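As a plain string of letters, each chain reads:
There are 2 protein chains.
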Amino acid sequence: MVKPLMVNAFNPANAERLDAPLRALLERRQRVLGPSYKLFYEEPVHLVRAEGVHMYDAEGNRYLDVYNNVPSVSHCHPRVVAAIAKQAATLNTHTRYLHELILDYAEKLVATFPAELSNVMFTCTGSETSDLALRVARNFTGGTGIIVTETAYHGITSAVSEISPSLGDHVPLGSHVRTVPAPDAKRMGDADVGKTFAANVEAAIADLARHGVRTAALIVDTIFSSDGVYADPAGFLAPAVDAIHRAGGVFIADEVQPGFGRTGDSMWGFQRHGVLPDLVILGKPMGNGIPIAGLVAKPEVLQDFALKARYFNTFGGNPVSCAAALAVLEVIEQEQLMANAKKVGRYMKDGLEALAQQFPSIGAVRGAGFFIGADLVSDPANATPDPALATRLVNGLRKRRILIGASGPEGHVLKIRPPLPFSIEHADFFLSAMEDTLRDEQTGI
Amino acid sequence: MVKPLMVNAFNPANAERLDAPLRALLERRQRVLGPSYKLFYEEPVHLVRAEGVHMYDAEGNRYLDVYNNVPSVSHCHPRVVAAIAKQAATLNTHTRYLHELILDYAEKLVATFPAELSNVMFTCTGSETSDLALRVARNFTGGTGIIVTETAYHGITSAVSEISPSLGDHVPLGSHVRTVPAPDAKRMGDADVGKTFAANVEAAIADLARHGVRTAALIVDTIFSSDGVYADPAGFLAPAVDAIHRAGGVFIADEVQPGFGRTGDSMWGFQRHGVLPDLVILGKPMGNGIPIAGLVAKPEVLQDFALKARYFNTFGGNPVSCAAALAVLEVIEQEQLMANAKKVGRYMKDGLEALAQQFPSIGAVRGAGFFIGADLVSDPANATPDPALATRLVNGLRKRRILIGASGPEGHVLKIRPPLPFSIEHADFFLSAMEDTLRDEQTGI
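Quick note, the sequences are listed as chains A and B, same order.
First residue of the first sequence: 1, per my numbering; consecutive thereafter.
First residue of the second sequence: 1, per my numbering; consecutive thereafter.
Okay, chain A solo, but in the shape it has when bound (with noise of 0.2 Å):
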């Protein structure tokens, strides 16, 4: 049984608790939109703008953005609006015709890369990024077979969702899909994740086989968000690198959540690991909420398909997206944004470590820079997962307008993943509303 994927989904039988204009937009929605467009928490926001780490009702209330990684350079980043706006009025077009920006921003982008990552293709989301990285590193190992973790996410494609385990029961894996247990310290008995990560993996490999299936790739979020946040110890992921090159097939590292400097340590989430993927997924964060996307990648991994499967996106690599993506890149290095992560990520983490002293439902605390995940258990002693308490401080904290979400195996780690130029008030502001909602939940307010 797979647990939901989103623990603080709005719950339409509770729409009539809500205000008439909250109602009838709830009701426009359902009827134009269907019911596959879920909303965040108990009572919905109806944002109306944002601007750096702030979002705003449709009543004026502002909201600490603590959840947002997409708008990764802050809300409405003049640089990024100005770059949009400029190129949306000189031109868009795709790319059978020559043009500089493209090629600006990609070796701009690869240049952020190992020197062995020198190509890049340009998509749309990270979704059609993945679908992409399957049929390359299919065609390069001549497998099929896929490793990815117990709760991995990496997309919503007929081929990516069959290796996405955390879209729950309805879309059934393949069967040329294995998955490993997260790289998970406490449930591993402490015993050397490294190793067990990649015996899992070599596990994985041999059943593939005797199944008839040669393995294709491992492929991870390199922070292992959906599945609860696993950052440390930094290096774990290089024995089952190695174990899947020996194998035949090749790494892939899916950098949609850490990619772009949240984890504040480097630019890439891999690069913690002190590994080099094949193969890199690249998307949210990219154009600031603009659509681009795109697979970096070994130019000999690449070679033969890009040669032959005639691939073209017709969207991917515009000169708007461009221009946008070319923006984020240059306010993270003018902006710091990475040193910035690193410091203030540090210092939220430190604020959540001295909470959990004070209250044993956090469990424990991880991540990296910007990527933090926070347990909530409800038997400190045995870990008990506390979904329930998760819903009820996301709710908690939306009502002290900071907006903030939840997600692992159980729904029950805080997601916390702010806009990079997120300065240590925020931070204070947000650890003492944190303090107030647990103090309120202690004393049962």
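It should be emphasised that the hints constitute simulated quantities derived from the structure, not laboratory data.
The reader is advised that the hints may include incorrect statements.
[What the hints assert, rightly or not] Here are the simulated lysine to aspartate or glutamate pairs, DMTMM-like style, with alpha carbons at most 25 Å apart: (1) A:K343 x A:D265; (2) A:K308 x B:E410; (3) B:K86 x A:E59; (4) B:K86 x A:D57; (5) A:K86 x B:E51; (6) A:K186 x A:D232; (7) A:K38 x B:E116; (8) B:K38 x A:E300; (9) A:K343 x A:E333; (10) A:K108 x B:D57; (11) A:K308 x B:E16; (12) B:K308 x A:E410; (13) A:K108 x B:E27; (14) B:K298 x A:E27; (15) B:K108 x A:E27; (16) B:K86 x A:E51; (17) B:K86 x A:E330; (18) B:K86 x B:E335; (19) A:K308 x B:E42; (20) A:K308 x B:D386; (21) A:K86 x B:D57; (22) A:K308 x B:D169; (23) A:K399 x A:E27.
[Said to hold, decoys possible] Quick partial rundown of chain B residues pointing at chain A, CB under 8 Å, derived from the structure: (24) L25; (25) R28; (26) E107; (27) V120; (28) S127; (29) D131; (30) A159; (31) G289; (32) F315.
All of these numbers come straight from a predicted model, not from anything done at the bench.
Where is the CB? At the ideal position from N, CA and C, for every residue including glycine.
Since the structure of chain A is already known, use the hints to place chain B on it.
For chain B alone, coordinates are given in the frame of chain A:
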């Protein structure tokens, strides 16, 4: 043997014939983007700006655009640009918060469809939408079999590349896929096109059943762009739609090419045929270049999937893409672009037919509104496809500063698909250049 998708691709072996600045750009592209990025024309065009129905190269030369259907309401339309700039500066976020713009747009969009098609889900690309349509169709019907035309193209994810025979031999069709010949009256011996097309669909359904595969869907581009453009007689799709419904499958209209008024007669290509699809795929021109696409659906077909599949598209329906798309719909209405496509499209088709009288190498002219295909043939009596002539014409027109392309199963069909505000004067300029190019060809210049 499947013919190349791009007959007029630049051959990198000819790079040394180009000027140094172009060569430098080509080298940068090759180095950083790898070999999948093809360019149009013997001499690639280096574009720097565009406006209305014109594009401009780095040397200031102006090209008439008779090819690009993405910037459908015209390049850099000021109203669309303003909508993008304003919304990018205000708010760009995902659909798990309430926001009115997505509802305003979704309601205005579905209002252009028959009442039964009242739901829409947003994605970022036509490929993502085709992929989603397959997932929904399979969930609804319990079948997996898919029927497409012989040279169909529906996108580039793993799943939809398997139903896109135009991608060639490198991408094997799925064992659950059957193809039917394009609705080509000539090839069908001038038999009843609708009846013959439906009989082929029925045979495909029977063959799938014989292999133990239940048919999920018939999916067609309702203008049959990559098959070579087949528009007439209007209504020919109806018997095939009846056939797929009788077999328990759904009919999916791919409107990425003909949609948003391009065919002149109606907003959607399927309407020319008087049929009602179960699912409709939208893409390319939807946001005039900003990535946005969507699946319009009968609620009862979508319902179960939408409730269970946990489909969430991070950038899908974001406010900036919706602002662009809303502006596009408004411009189509207010500038009466559909009526223009009908009027000027008819004028262009008449002009091409007149040229065909004069130049026997134009074997046939087909299409509706601003979607016209012209067959180029070497042996008029037998209508032998002449892709080499198509390539020469495309490059000849490029020298006359007209951008055009070719497609079809043999690459011999000129594809005429200008931005919708294309005027009679633009049509005259194009027709006159066509005549000159054909005359040069005749006289061996």
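Sort out which numbered hints this structure fails and list those numbers smallest first.
-> none
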